[in-house]
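Number of protein chains: 4
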Amino acid sequence: METNIYKNKDDVYGRARVEDNEELKAYYSKLAELDTGALWTVANEIEPWEPISNSVPMLWKYDELRDLVLESARLVTPGQAGRRVVYLINKQRAHVKAACGWLYAGIQVTQPGESTPAHRHKAAALRFIMEGDKGYTIVNGNKISLGVNDFVITPNSTWHEHGVDAEGKTCIWMDGLDIPLVNALEANDYAVYDDEDGQEELVPMNYSPMSYSGSGLIPVDREWDNPYSPLFKYSWESTYNALKNAAQVTDGTPYDGVIMQYSNPLTGGHVMQTMGAAMQLLKPGKRTKAHKHTGSFIYQCAKGHGYTIIDGKRYDWKERDTFCVPSWAWHEHVNLSETEDAFLFNFNDLPTITKLGLYQEKAYLENDGHQNIS
Amino acid sequence: METNIYKNKDDVYGRARVEDNEELKAYYSKLAELDTGALWTVANEIEPWEPISNSVPMLWKYDELRDLVLESARLVTPGQAGRRVVYLINKQRAHVKAACGWLYAGIQVTQPGESTPAHRHKAAALRFIMEGDKGYTIVNGNKISLGVNDFVITPNSTWHEHGVDAEGKTCIWMDGLDIPLVNALEANDYAVYDDEDGQEELVPMNYSPMSYSGSGLIPVDREWDNPYSPLFKYSWESTYNALKNAAQVTDGTPYDGVIMQYSNPLTGGHVMQTMGAAMQLLKPGKRTKAHKHTGSFIYQCAKGHGYTIIDGKRYDWKERDTFCVPSWAWHEHVNLSETEDAFLFNFNDLPTITKLGLYQEKAYLENDGHQNIS
Amino acid sequence: METNIYKNKDDVYGRARVEDNEELKAYYSKLAELDTGALWTVANEIEPWEPISNSVPMLWKYDELRDLVLESARLVTPGQAGRRVVYLINKQRAHVKAACGWLYAGIQVTQPGESTPAHRHKAAALRFIMEGDKGYTIVNGNKISLGVNDFVITPNSTWHEHGVDAEGKTCIWMDGLDIPLVNALEANDYAVYDDEDGQEELVPMNYSPMSYSGSGLIPVDREWDNPYSPLFKYSWESTYNALKNAAQVTDGTPYDGVIMQYSNPLTGGHVMQTMGAAMQLLKPGKRTKAHKHTGSFIYQCAKGHGYTIIDGKRYDWKERDTFCVPSWAWHEHVNLSETEDAFLFNFNDLPTITKLGLYQEKAYLENDGHQNIS
Amino acid sequence: METNIYKNKDDVYGRARVEDNEELKAYYSKLAELDTGALWTVANEIEPWEPISNSVPMLWKYDELRDLVLESARLVTPGQAGRRVVYLINKQRAHVKAACGWLYAGIQVTQPGESTPAHRHKAAALRFIMEGDKGYTIVNGNKISLGVNDFVITPNSTWHEHGVDAEGKTCIWMDGLDIPLVNALEANDYAVYDDEDGQEELVPMNYSPMSYSGSGLIPVDREWDNPYSPLFKYSWESTYNALKNAAQVTDGTPYDGVIMQYSNPLTGGHVMQTMGAAMQLLKPGKRTKAHKHTGSFIYQCAKGHGYTIIDGKRYDWKERDTFCVPSWAWHEHVNLSETEDAFLFNFNDLPTITKLGLYQEKAYLENDGHQNIS
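Chains as they are written, first to last, in the UniProt record's numbering: chain A, 1 to 374; chain B, 1 to 374; chain C, 1 to 374; chain D, 1 to 374.
Please note: incorrect hints may appear among the correct ones.
Note that identical chains are pooled: a pair holds if it fits in a single copy or bridges any two copies.
Stated by the list, open to error - No more than 20 Å apart at the CA atoms, straight line, and that leaves these computed lysine to any residue pairs for SDA-like: (1) K9 - E196; (2) K25 - G285; (3) K362 - L34; (4) K25 - D67; (5) K244 - R17; (6) K355 - P227; (7) K313 - H370; (8) K362 - E340; (9) K355 - E332; (10) K289 - R74; (11) K244 - S337; (12) K355 - T267; (13) K303 - R66; (14) K25 - A184; (15) K91 - D225; (16) K355 - A184; (17) K169 - E361; (18) K283 - R222; (19) K61 - T339; (20) K355 - N226; (21) K61 - Q92; (22) K355 - G268; (23) K169 - T354.
In short, the hints are calculated from the structure, not lab data. Note that this is a predicted model, so its numbers are computed, not measured.
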């Protein structure tokens, strides 16, 4: 049955190959009056041979952004802004406020003693911590401490707010949300917490990560039937150690090196219903092979430095730089250090893509799996 | 914890309430140069209080369309067109070729002796048969006969083609596809079957529906690990009988009367990963209550006549008319006959919406659940 | 890794091969005093090379049983007996009251006007109707009419009772329960309904089967989160038609002909958590191939006549005869009619066996898959 | 519908209340000749009001057993014995070689330089390490190092063998297997590895635990579709830390204190299909409340000392002592130390019980949840 040949040309049998003439154009007008159209006039456009992305690869250098981010703290308060964030705009996705595909990313700064309003919305959110000390998030009454390179989730419809203890240091983190997706799907909503002082803490500090700190060990003292992970924070310490341990016994995948997916310990699946995330370790001198796949990915370098080649173009990154790989773009990673590991964090829409049956990938076959840099 | 009050006003604490000034505008320019922006300048827009749809309700009367559909058969051949279809265009979704939300709908005519090219694509497709006799679909080597009001699926990546026996009658059916969604998610692909004579039949005619004709009875002579229903055709006879039986013991739901979801007998879930469908029976004189919910729905009247009130506007339909209900639009149905049942078919994106955790609904509370018609 | 060779002899390396002597026997005594033992003295016994059943094949001829069953109705009332049933005893399972393995089977008679007490228990139950008219079961407030060759479930912990309308005919049916299994697992319980008049009917008669009468059509007007099928009765008419339809397009499996598993339309899985059931159609003259597998099976001929060869011995059956096939016994079926189909019903513990990862099967390879009859 | 009253007396309507007489006895004889019986003669026995266990609580003191275990090493070799194990016999389960219910437990000693034959079987196995150093297990080509209080699995049908490095120390561990259950279900099988030198190591040492060392972090470089955990060893260090962390933020359950279930990181479920295990921390002076539930449990004290009251009788334990709690027995735990935590390991048949819908529990309501000691 599988006799598939990508002909890839729109003049073959099976594609739309109608030459318009006056009679047809008159026909098209009649169709338009009834809010209809002739499919064959658009078919080849809406049935591409391979996935097509409307996003372009982007690189946001932290050196360039940091001052502007800090300036936002001088210009507005969290109370005025709602969320005082500098958000990242993909050159071709400005109209939907996306950094890549239907994913939103932004960089938020919170200063010691500040706190943000508590709210909830259908859009899911995650946080990757870049700088600071004694920052915290409160999600559904759970207060969680934040440290650099920690990964935190505030899922669809959970109440959440952030702040930094007065004795802490200014915190900066990257927010990732599926706002563009949820708006596209016409399903977003929003509510402000009705107490301006924020949420009451319902459990001890760090109740969630302290309850789920052991791999394969589940506390059986509570019920959990939410469609997201009960582990709200994945600490850098835990993630770093897990990757270093794995790196002793495996080289991971050819395309990503040693890579761990943040997962829901109760299901083994992604942390949330629409967005997932991962951390990968590139060993010293590692040069991965190229591949492409559906799904949109936004990366941040957690540690080290290197570059990624995306569709034949080289993008250099170092700690705290953010870049994106659009759907179906060839990509491979290189760790420029010969002595230190490099770590790349990413968040993505893989849960959406895979649940909808839309994931596929392809290996770069030429040149031993390595693109030529144009 | 659930102390949610919809304040619904953008001047409250928790919303973006920044008044721009020269200093801020200069700041915004600097942000723009780095492909970034200030979230608070767009936050209220991208974080709506309630779901917002970009589609409008539409009604396509078959009396008006039928001649134009038949005319397409005079103007082009299936071989020229690829798929000779008149597709339905939502006034606000023309740019994505959608009838509603991210769902595509079209009306296809196939004449006796004609056949269409075989192809496959990541987009999923379904068919609701409107007219004709001895039409057929071949999906992955399974030939299926088509009758009026039958519901047929050709899922993501299955090879499929259509035709009408030479001794048959001209067939007209409604196609439903998630093309706009799959393109938006940058995941579509396409292939033509490499034999222009079409697929070889691998099993006897109607192998699928004949194997799954009994409710709760599963043939155990085959493996099935595909993410879609093994039952490719849901016949009108079977559906009609199931609804008539249920109508004897239940009134169904207040909002839809007696309603059955077409489902995968191996999972109880929707027929495919992205799109679902249902058939509902409105008893004589039935007037359902109004509600709204997320998800996009495209309806066709299979039998009878009546009207649907959508966001306060009345849309009259009779057999073969097609209309759509956008996400979050109030809707209620009325069967105008006092003696005959009315039947409404619909296809929708509920699998997508529910799997992504985005389904919600709300009952219309005033006036005993009935909207006033404007 | 898979270098498995069945050596099948207990004197090989890897088996227990200790020759006892006085020193060891003294040692064994010391172990016994502490309620311990030396594993190697029992290892070969408790680690068999292949599955071993403690049951034997049995055949209960209805001609012989029927009078005795009817006599029970003369001797005791349902109120005296609790359940007035003649239960089937496997010659090697009398101590656990099982017909085969850990499955109980019995034949119950209920006369017009009679009704049985309502009760519930952790053990699951099912019924296969053999004779009669206007019999009924009430399960959790759902009254279900019973006809010959209907299959009915009253799952774990559901309230249930039975009866026959005064204008009906004496009903006889086969009960199947997992009582021996649930008692073995030390988990059974029991309660009598506190109203001796029985349950109140909460929904119209046949609410369940009338709501689920169409294959692949699910009513969406109710929630269902019970771990058993919402379809309480699988009618003979529906089952017969489903098998006849399938028989037109498939020959089924080599071992069973055209066979359908009764399933939960909401999951595609077995009807209940511990027991499943199936109906198979043997075409005229059909002679299936032999195989063996784990799981205990109790059969009843619903229609026609033929024989089954079990571990080389022939067991002739006709309509209403009951027989069992123990775990890991070779079996093949033969329809003795050259013109009529034969139908075999069976219930089994497949859900238990498969969920615990204990299912395996083996084809009979010699003689073209046919056993020699000893 | 839920009008359940435990009447608990066998003379009520709904129970079997037939007084035998000569006519009935003659009838019973006729039934017996046909391998049948009258249900009402056994019904009350096989339909207990509450779960009934055939096991009794047992306590095996390590002080008494240790020398006998070590003596086994003097008396036989692993090659002679197959598995040189002293197995624990429940006083009422000797006929099925069980320590409790259908669970087998044994204590195995392996000396430096020794190794056991490699084999596989349908029965699942687990190990809890009691003494020693540089012991190892090889499961399906994965070599795993063993330390005291580590928990290890060798699931259904995996090849496995054990040994101790020549430079190590004599290792003693507790084996737990579902042999009695799998034999009862007539589904066991066995094979010896065909190379007497044992398995080839397919991956680096400790590949499994090193790949899954971080909570909620899943390596995505491999496929895993086995019905058991990919994490073969749950180290004491990891388990101890997880419990100590949780103990800072929760008191756990009233019945067990701070308790963690060993789980499959890919599903959140039990480690294997039939057996599960858990480790609980009793804070200094902790006295849990009593409850009872279905399921058989075999405990071993990993650290500390205390006692458990089972059905009103006190069983004192200290490190390395083993005891069992049968199905439906009241039990509560006490940590006798006022300064040190106590840790109890247990393995059980909860996966079996819960998957079959047979789990239920009941709190001890009198005396503030504490049994009187008889």
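Quiz item: Any hints this thing doesn't respect? Which numbers, in order?
Solution: Result: hints 2, 3, 5, 8, 9, 10, 14, 15, 17, 19 and 23 break, sorted rising.
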